[in-house]
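Chains as they are written, first to last, in full-length UniProt numbering: chain A, 1 to 149; chain B, 1 to 350.
Calculated directly from the structure, the hints in this document are not laboratory data. Keep in mind the model is a prediction, meaning the values are calculated, not measured. Some hints here could point you the wrong way.
[Said to hold, decoys possible] With a Cα cut of at most 35 Å, we get these calculated DSBU-like pairs of lysine-lysine:
| hint | chain 1 | residue 1 | chain 2 | residue 2 |
| --- | --- | --- | --- | --- |
| 1 | A | K54 | B | K255 |
| 2 | A | K11 | A | K47 |
| 3 | B | K33 | A | K147 |
| 4 | B | K33 | B | K50 |
| 5 | B | K128 | A | K147 |
| 6 | B | K158 | B | K142 |
| 7 | B | K142 | B | K63 |
| 8 | B | K143 | B | K63 |
| 9 | B | K280 | A | K47 |
| 10 | B | K158 | A | K54 |
| 11 | A | K11 | B | K255 |
| 12 | B | K56 | B | K142 |
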Amino acid sequence: MSYLLPRLTTKAEVDQAIRNTAELVLVLRFGREHDPVCQQLDDILSKTSNLLSKMAAIYIVDVDSIPVYTQYFDITLIPATIFFFNGQHIKVDYDRPDHTKFIGSFRNKQDFIDLVEVIFRGAMRGKVMVRSPIDPRNVPKYELLYKEI
Amino acid sequence: MKMMATAQKKTEQTIQDFKYCEVCRRHHSQGRKHVYSRTHRDNINAIINKYGKKVKTAKPVLKHPVVDSGVNEENFWCYFCGCEVKKHDTTTMASLKFAGFFRHLASQEHRQKTFSFWWDHRIEKSLKNNFLLTQEDYGRYKKRLVEAVAQWEAGQQKITSEPEVPTSSSDQSQAPTNLSEVKTSSNHSEAQHQKVQRTTRQVQELHRNTGVKLNSKAMYTIEARGDNLTCIQLPKAPGACGNVHTGATPPWLWKDNEVTDISGASPSNEIGPTGEDLQKHKKQKTLPAGRVGATFDRGASSGEEWLPSFGRVWQVGRRWKPWQQKKGGRRKASAAQSRPDHSMEEVKGP
């Protein structure tokens, strides 16, 4: 379903999307087209993009095409979904080790819609960090091992 | 007057008759008989069993003292002394397991209290020694404990004195040219692995102690696992520019980036009004002034010191509340606009 969503392939395009998306939640999906979990997520994103058109702009980014962003967002597990509002990265507390991005696929469309809504409403009130409304049981489990730079 | 005095005397006598049993937690007028009553015996047995179990678990440590890293502040209730005592001795770095427990058992006060407890409640004398620690035993335990602590400290020093791997050199690692270099690099990777394990342990401890996620530390992921999730190739070395965890300047705010359109079409091929014209004719929406990035200047590129600002977690109020307010406000406004003038007059007329 990824062909239904706009695709960003270069760093300049991603920059443009982040800087020029105004008063909307920008959703960037970092992943690969043929990864099964990415396909699940793409399905959810493409089906909700119309419903969320007044709240969010959803773009698809290939992890391998823009290493700068992959490195900046420290993406190790795909799919990773990152949210922005007016050029500001929004952090979400998912009850998981990483709150800079959502890792894995959403359980259903409503989970994604709820999350975008919470981010949108939070951002409109000036919040750059929000708590995820998704039931923690529906958030994929993962482990990350960090090392200091 | 006489009558009242006699009444008072009677009540005093009755109060004196009653005694409080701490084991059964009730007053009784049975005198010494109470000690032999069934409930009292059951309670005493329960205490002896419960306390006996605690002593049993601690006994092996008497011969082989245990030193744990981390603070352990646990208390236990001494039924004979009727007081709470610290179970373990803690220093800033480590806890000596059951050290407080043994000190209490060996103390003179506990000895006296135990003897009087046994005398008061008529308990079998052979059980008494289980709950006491002789001074000789305690002295031997102390000696062993000193050795154990020395051993533990030596182990700790070993860990901390290991050579730290300079990460900056690993950043600019080049391909080894001969065998000896290969060997050293493999050693480096082992040392790195150990260091990683240590840092994760520290992080886990910090998580446990404070319950706070580390986000101010400069770090990057070196290992990731997830259910059904693909792990992409991990970065070998963190770039000089840092990442989202370090709070570095994000790539979309770098100075050197050239502004190009997403569509990729040249401006001459565009059909219709320009973006600026469209913005001019667009209805200006009323947006909250306090929203995120309200003053975000999209044209300007930021300096090195730019950092994303942190907000607190949004927990106050319900999510539908602002929506309802907004909707209510709109409805009022639209109602005011659509209301025809004559209807107003009608209302005013009568």
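For each hint, the structure was consulted:
1. At roughly 31 Å between alpha-carbon atoms, K54 (chain A) and K255 (chain B) fall within 35 Å of each other, so this suggested pair holds.
2. Among the hinted pairs, K11 (chain A) with K47 (chain A) is consistent with the structure: their alpha-carbon atoms are about 26 Å apart, no more than 35 Å.
3. A distance of roughly 70 Å separates the Cα atoms of K33 (chain B) and K147 (chain A); the hinted pair therefore is violated under the 35 Å criterion.
4. Restraint check for K33 (chain B) and K50 (chain B): the C-alpha separation of about 25 Å stays at or below 35 Å, so the hint holds.
5. For the suggested pair K128 (chain B) and K147 (chain A), the alpha carbons sit about 55 Å apart, so the restraint of at most 35 Å is broken.
6. Restraint check for K158 (chain B) and K142 (chain B): the C-alpha separation of about 25 Å stays at or below 35 Å, so the hint holds.
7. Note on K142 (chain B) and K63 (chain B): the hinted pairing holds, with a Cα-Cα distance of about 10 Å set against a maximum of 35 Å.
8. Between K143 (chain B) and K63 (chain B) the CA atoms are separated by roughly 10 Å; this keeps the pair inside 35 Å, and the hint holds.
9. With a C-alpha separation of about 32 Å, the suggested pairing of K280 (chain B) with K47 (chain A) holds against the 35 Å cut-off.
10. As the CA atoms of K158 (chain B) and K54 (chain A) are separated by approximately 60 Å, the hinted pair breaks the 35 Å bound.
11. The straight-line distance between the Cα atoms of K11 (chain A) and K255 (chain B) is roughly 13 Å, inside the 35 Å bound, and the hint therefore holds.
12. Only pairs whose Cα atoms come within 35 Å are accepted, and K56 (chain B) paired with K142 (chain B) is accepted, the gap being roughly 19 Å.
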